[in-house]
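Enquirer: Protein sequence lines, in the order shown, are assigned to chains A, B and C. Going by our numbering, the first residue of the first sequence is number 132, and it counts up by one from there. Going by our numbering, the first residue of the second sequence is number 6, and it counts up by one from there. Going by our numbering, the first residue of the third sequence is number 603, and it counts up by one from there.
Be aware that one or more of the hints could be misleading.
Claimed, not checked - Capping the alpha-carbon separation at 25 Å, the derived lysine to aspartate or glutamate pairs in DMTMM-like fashion look like this:
#1 B/K29 to C/D1108
#2 C/K1300 to B/E95
#3 B/K94 to C/D1228
#4 C/K1188 to C/D1108
#5 C/K796 to C/D1108
#6 A/K241 to B/E86
#7 A/K245 to B/E86
#8 C/K1207 to C/D1079
#9 C/K608 to A/D216
#10 B/K206 to C/D1079
What the hints assert, rightly or not - So the derived label-pair ranges between C-beta atoms look like this:
#11 C/K1281 to B/T8: 17 to 27 Å
#12 C/Y1309 to A/A275: 26 to 36 Å
#13 C/I1067 to B/S117: 20 to 30 Å
#14 C/T1186 to A/W137: 50 to 60 Å
Unchecked claim - Far from chain A by the CB rule (all over 12 Å, computed), these chain C residues:
#15 I613
#16 E670
#17 L741
#18 G876
#19 T1213
#20 R1255
#21 G1267
Since the hints were derived computationally from the structure, they do not count as laboratory data. Using N, Cα and C, we set each Cβ at its ideal position, and we do this for glycine too.
Each chain, letter by letter, is given below.
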Amino acid sequence: MKIRVWINEKLYEDEVAADLMLIDYIRSKGYYSVKRGCETTNCGLCTVWLEGVPVLSCAVLAVRAHGKKVTTLEGLEEEARVFGDFLAKEGAEQCGFCSPGFIMNVLAMKRELKNPGEQDIKAYLAGNLCRCTGYMGQLRAIQAYLQEEA
Amino acid sequence: MITIKEYFVANSLEEAYNKLVSGKNNSILGGMMWLRMQNKRVPVAIDLSQLGLNQIEEKEDVIEIGAMTSLRQMEESKVLEAYFGPLFKEAFSHIVGTQFRNTATIGGSVFSRFGFSDPLTVLLALDVKVELYGAGIMSLEKFMKLPPKKDLLVKLILRKQNLKAVYKCQRQTATDFPNLTVCISKTDHHYKIVVGARPSKAKLAYSGMKKLQDGCEIDEVAEAVVRELNFGTNIRASKDYRMHLAKVLVRRGLEELI
Amino acid sequence: MRYISKDVKKIDATALVTGKPVYTADMLPKECLVVKVLRSPHAYARIKSINKAIALKVPGIEAVYTYEDVPRIRFTMAGQSYPEPSPYDRYILEEYVRYVGDVVAIVAGESEEAISKAFKLIKVEYEVFEPVLDFTKALDHPIVIHPEEDYHNNFPIGGDRMRNLCASESMVYGDLEAAFAESDVIVENVYHTKANAQAMMETFRTYSYLDHNGRLTLVSSTQIPFHVRRHVARALGLSKTKVRVIKPRIGGGFGAKQTMVSEIYPAFVTQKTGKPAAMIFTREETFKASTSRHEMQIRVKVGSDKEGNIKAIDLYTLSNTGAYGEHASTVVGLSGHKTIPLYNKAKAFKFSYDVVYSNTMSAGAFRGYGATQGIFALESIMNELASKLGIDPVELRLKNIAQEGEVMPAYYDNRLESTALKECLLKGKELIGWDEKYPYKQVGKNKVRSVGMAMTMQGSAIANIDVAAVEIRLGDDGFYTLMIGATDMGTGCDTILAQIAAECLDCEMDKIVVTGVDTDISPFDAGSYASSTTYLTGQAVINTCEALKEKMIKAAAKVLEVSKEEIIFTGEQFETSDGNKVLTLKELGEGQVVGNMSEYLSATKSHSSPTSPPPFMTGFVELEIDTETGEMEIIDYVGVVDCGTVINTSLARIQAEGGIVQGIGMALYEDIQYNAQGKMMNNSFMQYKIPSRLDVGKIRVAFESSYEPTGPFGAKSIGEVVINTPSPALAHAVFNGTGVAVRELPITPEKIVMGMLKQ
């Protein structure tokens, strides 16, 4: 099936298989920030925005992105750098493999929630697993970032 | 992993339904959270996203929730909150994560009738009808008892009620499947008690509900619920523990409601 | 100190947080064959016949390999220095399959779809045997898991394959009987720890190709590039000169990648076909076909006088190595050797173990490496002893821990050079509010808040075995290239080692370029495991920098025509003590590459340590327990760490927090389970839950640093010790709050409630 998809404001037109997943489509276009950590929609690593809404790109068919805008971390590089710096100050990027999906969801949260409290932050990001940090450093980074940006 | 031969965007319910029944393994796509994990070959996958089914609409006596409405839309819905308070938020917020719930649809959740379903536990405790394209409108409870049959779930119809409800669950981790779910609702003097994830699918506990109408003590009601329903063992919890939990959670729910 | 004990950001941070393609699967060569393996559905079987002819006809299929196609060379996948203690008990593919998920055939093709089709067309006929699934019944079971005659041990480890015994040992110190005889109180219990998955976010993955010299090159997500080179060479019957291993950024390891898991399959395909090949494990494969933490049953008996002075400890561990013997004898060793020395005042002890084979997935390395399992048993029984004696559990520890200068018989007679364990105990006690909260408080109708504690130790590198070499070069702009073989797996060792180099060379961090690991280029390093990198490779960096400094001063003296004793190196320049003559580092750097002003300046040093100084840690937890449902909420977890000097404060804190959370997962729910046929039931993140950010409560970490004279700037290790305390501390809090002693992990709400109902 033929699809037209905007990835980070750039238009792509391709013939894709009906069962191609969005993650595989966008990685094939060179957006390697999008990672796969599981096959069961439990890890959050593959988070991208579809029309601005964070979704798990491992569970969305590429054909369902037809006519829509996909945003990956590559499309938010400056913001990622700014927040990433807070993360790095805490040493909380660690192996970095979950960072892109996590940062995508943090930046979505920042747009969606007004002055989130600690519990709101944890609940919003609960679907983003991290095995390295124990989450405390990520929380410190988010709080410092939100404070700075407020 | 699922394989899909053809992707079909339906322009009408009729078209979707005809496509669905035209091939044995043709399937409706919900959010695809579960479907994609099945080792299944789907000749035609039918997409309903062009049919405007992702709406929560308030009507005079009812609230209609389109089958393609995401779980997160329901959590965030002001309309649902106005009538049911934080009930949906409380029950849905445990499900995996926000991104998952942004894509998972209520239609997929209800139609699949999973044992672990938080949504079904809540919905059964309310007055809910399902509208199926083929089989028509029926109560959710009746739908859940029917054997799985191909059909197209169009929407849920929730009757507006002056209602109070509590949701209780126990899980090994915050976003895991539940070990047990309980939802109890109260309208004027009528109660509904639902227990799910036993681990089989949610069910109304009629004998407990009757005992409650008869004015029995809470403990007695909880005992009756546990006697009436079947409980089982799976990787997460044993039958005995589930029975114990059911007693405790039903009792606590009732204590909060009464 | 310029860079030591500072919160320096990781040098690769920006690439990681902006999602740059720096991991193995982001860099696959074009036209790379996809490699997948067909796995056994049976826990124990012999392949009677295997027909691949039809599968080979599937369009896009390049090759199908079975046990008939591979060299009959036994090897181990364990990441250990040669001669490895792990038995050589595998072929790449074998006629026998020993667990559900064991490899039956390797298939290479153009796409996953083609391979999926081919899988269905490979006809395998199995002779299915009854599997040995219960490891407590494996020893001397009539079914033998490794009957093969070419089974090989490099040296004896106490195994007897015909008894399903992979390794065993027994050691006694002092007069055990007499020590128990003089004890006023003796407690004895059996504890059971489960298999856990390391669950790093990046699954196993490797790609391979032949380079321009026809050498087999692997790019792999591994903690052990040099061991992989050796194992691959052996398994394929190649000379080591024909194999090169490159490690890019890797997405976590935690010990999982201290075993060669994915490498051999694409390597074999490339060797056979000459084509690039890649294998990326699915999460399911990562769960069901790699290595887990060893499940252990630990019987421990402790004797004490009435005052809580420990007299005797007898600890026996039965460990399940699963289908293969990776890390079998070494992991189990830590269950005693890195636990018993905590109670160094004991007059006598016995430590013995058996490691058995079973038809479950092979066990291997996982952060903590056996100490984690042992400490659950030993700290739990000490807490039970304290309760029995009516002594405060912290007091009990303070009476028995080793002081600086003491020789530790259970720790290979090492002398304890540095310890702040006492301070860790006191600090933890204070931070949690122990005296007010111990043992518990009723805080609601069905709610109690209780506290629990545990202490632990680990090592810092493997004494006398691990070797780390480092090379450093002066660049022509006055910068340095630091070449290491230690493998940063996200922990930040590239950064920490650069910090140490910058400190030694008195320069800015950005003057230090750190290379990734490439066995063709990097100096040898055993790899990042056994909590070795900061301690061992860090010291090698110091040694190397000192050597380079010496060479540079000598070269500068020659240029300035003075004696080297007159030269002062400021980090920026070389000046004579009278300040009259100056040569900048930049000038020296440039001069060495133009006109041969001096020799090309580089230095290489290696380091090995005769001791493995233990870092220490205490964990204190405040837990809220629902006494009706058993549900637990961690209110506060305090970890106090003595890792010697903290080199990087933020990275050390993250190590501690991350380790505690992994420990919490192990304590409360992580539990690999098999069904009656030996199939792993929880082989996904859907069924095997690791902690989410909603599950961990509040975690606080403090440092009480001793100074380790053998470590770089006084540092010891931190990577592993941090995972050990949660299991015993949480069990203790549960006991204090409910009276239920949970001796089998995980500590589930169900066990608590069912235990309370029985009371």
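Enquirer: Does each hint hold? Answer for all of them.
Expert: Hints versus structure:
1. Proximity of B/K29 to C/D1108 is assessed by CA-CA distance (about 74 Å); at most 25 Å being required, the pair is judged violated.
2. Restraint check: the Cα-Cα separation between C/K1300 and B/E95 comes to about 22 Å, which is no more than 25 Å; the hinted pair holds.
3. A threshold of 25 Å between alpha carbons decides the hint, and for B/K94 with C/D1228 the separation of about 23 Å falls inside it, so the pair holds.
4. For the suggested pair C/K1188 and C/D1108, the alpha carbons sit about 14 Å apart, so the restraint of at most 25 Å is met.
5. For the hint pairing C/K796 with C/D1108, the CA-to-CA distance comes to about 48 Å; that exceeds 25 Å, so the pair is violated.
6. With a C-alpha separation of about 23 Å, the suggested pair A/K241 and B/E86 falls inside the 25 Å cut-off, and the hint holds.
7. A distance of roughly 19 Å separates the Cα atoms of A/K245 and B/E86; the hinted pair therefore holds under the 25 Å criterion.
8. Of the supplied pair hints, the one linking C/K1207 and C/D1079 holds, its CA atoms being roughly 23 Å apart against a limit of 25 Å.
9. This hinted pair checks out: C/K608 and A/D216 have alpha carbons roughly 16 Å apart, not beyond 25 Å.
10. Of the pairs offered as hints, the one joining B/K206 and C/D1079 is violated, with about 70 Å between alpha carbons and a cut-off of 25 Å exceeded.
11. Distance hint check for C/K1281 and B/T8: the Cβ-Cβ separation is about 24 Å, which falls inside the suggested range of 17 to 27 Å.
12. Checked against the hint of 26 to 36 Å, the pair C/Y1309 and A/A275 passes, with Cβ atoms roughly 32 Å apart.
13. Range check, C/I1067 to B/S117: about 55 Å between beta-carbon atoms, so the 20 to 30 Å window is missed.
14. A beta carbon spacing of about 53 Å between C/T1186 and A/W137 agrees with the range 50 to 60 Å that was offered as a hint.
15. Non-interface call for C/I613 relative to chain A: violated, since the shortest CB-CB distance, roughly 10 Å, does not exceed 12 Å.
16. Once the 12 Å rule is applied to beta carbons, C/E670 is consistent with being away from chain A; the minimum gap is 32 Å.
17. C/L741, annotated as away from the interface, keeps every beta carbon of chain A farther than 12 Å; the closest lies near 34 Å.
18. Look at C/G876: its CB is around 26 Å from the nearest CB on chain A, clear of 12 Å, so calling it non-interface holds up.
19. Look at C/T1213: its CB is around 28 Å from the nearest CB on chain A, clear of 12 Å, so calling it non-interface holds up.
20. Distance to chain A contradicts C/R1255 as a non-interface residue, since its nearest Cβ pair spans about 7 Å, not more than 12 Å.
21. Distance check for C/G1267 against chain A: the nearest CB is about 9 Å away, which does not clear 12 Å, and the non-interface claim fails.
Comparing the model with each earlier hint shows violations of hints 1, 5, 10, 13, 15, 20 and 21; every other hint is respected.
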